[in-house]
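Asker: Sequence:
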Amino acid sequence: MSVDISILIVSYNSENYLKACIESILNSRTNYRFEIIVVDNHSSDKSVEILTSYEGQIILLVNNYNYGFARAMNQSVLKASGNYILTFNPDAELSMNAIENALNYFKANKDVALMAPVITSSNGSMHYPNYNLNTFEPSSTLRFFADKFSSVKVDDKPKEVNFVFGTGIILDRLLLNNGKLYPEDTFLFWEEYYLGKQAQKLKKTVVINPKFTISHHRSVSFKFNKEKMEWMQKLILPYGYFVRIDEHGKLLAT
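In terms of my numbering, the sequence shown opens at residue 18 and continues consecutively.
Warning: the hint list may mix true and false statements.
[What the hints assert, rightly or not] List of simulated lysine to any residue pairs, SDA-like, C-alpha gap at most 25 Å:
#1 Lys36 - Ile75
#2 Lys127 - Lys218
#3 Lys174 - Pro200
#4 Lys218 - Ser98
#5 Lys218 - His234
#6 Lys127 - Lys220
#7 Lys218 - Asn179
#8 Lys174 - Val135
#9 Lys63 - Val79
#10 Lys176 - Asp128
#11 Lys228 - Leu78
#12 Lys96 - Leu192
#13 Lys176 - Asn118
#14 Lys96 - Asp21
#15 Lys197 - Lys63
#16 Lys197 - Lys174
#17 Lys124 - Asn80
#18 Lys63 - Asn80
#19 Lys124 - Met113
#20 Lys176 - Ile136
#21 Lys228 - Ser41
#22 Lys197 - Asn91
#23 Lys228 - Asn100
#24 Lys228 - Leu192
#25 Lys220 - Glu177
#26 Lys96 - Asn195
#27 Lys221 - Asn195
#28 Lys218 - Asn91
#29 Lys197 - Leu77
#30 Lys124 - Gln217
#31 Lys197 - Leu78
#32 Lys197 - Lys228
#33 Lys214 - Asp189
#34 Lys36 - Tyr122
#35 Lys218 - Asp189
#36 Lys176 - Tyr122
#37 Lys127 - Asn100
#38 Lys36 - Thr230
#39 Lys214 - Leu193
#40 Lys228 - Met113
Keep in mind the hints are simulated off the structure, nothing from the lab.
With the sequences and hints as input, model every part of the structure.
Answerer: Given below as structure tokens:
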């Protein structure tokens with residue numbers, strides 16, 4: 018039986034969050050058919066044990082090495098059969114009507130190919146993971162970086178933006194490039210910007226939809242606070258830097 022949306026999760030040492038994440042998806046109130054595909058990126062905790070307990074409810078792929086987010090996502094895409102793809106973090110949870118509201122909007126707005134949710138953090142604050150770029154040309158000094166961005170405030174209506182970042186992004190399968198979701202020479206952060214550029218090339222619209230909501234605890238794979246993670250994305254994404262991790266666990270922008 019075909020599915021409408023494939024929900025893809027890349028997990029790394031996420032044992033404290035996985036059950037709530039999976040259960041939030043399984044408990045969704047929707048008439049759309051969905052599948053859950055999880056790639057574990059060589060976790061050293063009990064993540065695989067937890068995921069194995071959902072046999073028959075999820076498709077599980079277990080790597081023997083941490084290949085990074087992009088490659089692991091592409092692994093899951095190869096198994097995905099949905100017309101739409103939702104990229105999801107293991108420390109995030111869907112609201113009850115998230116899938117229903119998101120896909121209803123896609124069906125009614127054929128020009129939209131990429132959508133992000135409004136995100137509620139663990140302290141109850143709301144985050145709108147969207148940015149418009151005033152220019153795509155890099156500046157020579159850091160003091161100009163902040164001028165490159167204008168965050169779009171969202172009320173109760175969807176808003177069009179240049180690109181979106183963070184968990185919960187839904188895309189139309191037409192954004193796939195030769196069957197892949199992301200270029201594999203990246204490790205983190207650049208992937209979402211790439212999707213925005215793909216949508217622009219196809220003359221499709223990118224939106225943030227306030228009726229599509231999720232909750233997100235934090236980044237469990239890296240020891241950064243939330244503000245530092247967001248500012249790293251803002252500074253790195255539009256300039257095409259690739260973020261990798263060296264053998265000592267340090268982040269490298271190349």
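Asker: Failing hints, ascending?
Answerer: 3, 5, 11, 15, 16, 17, 32, 34
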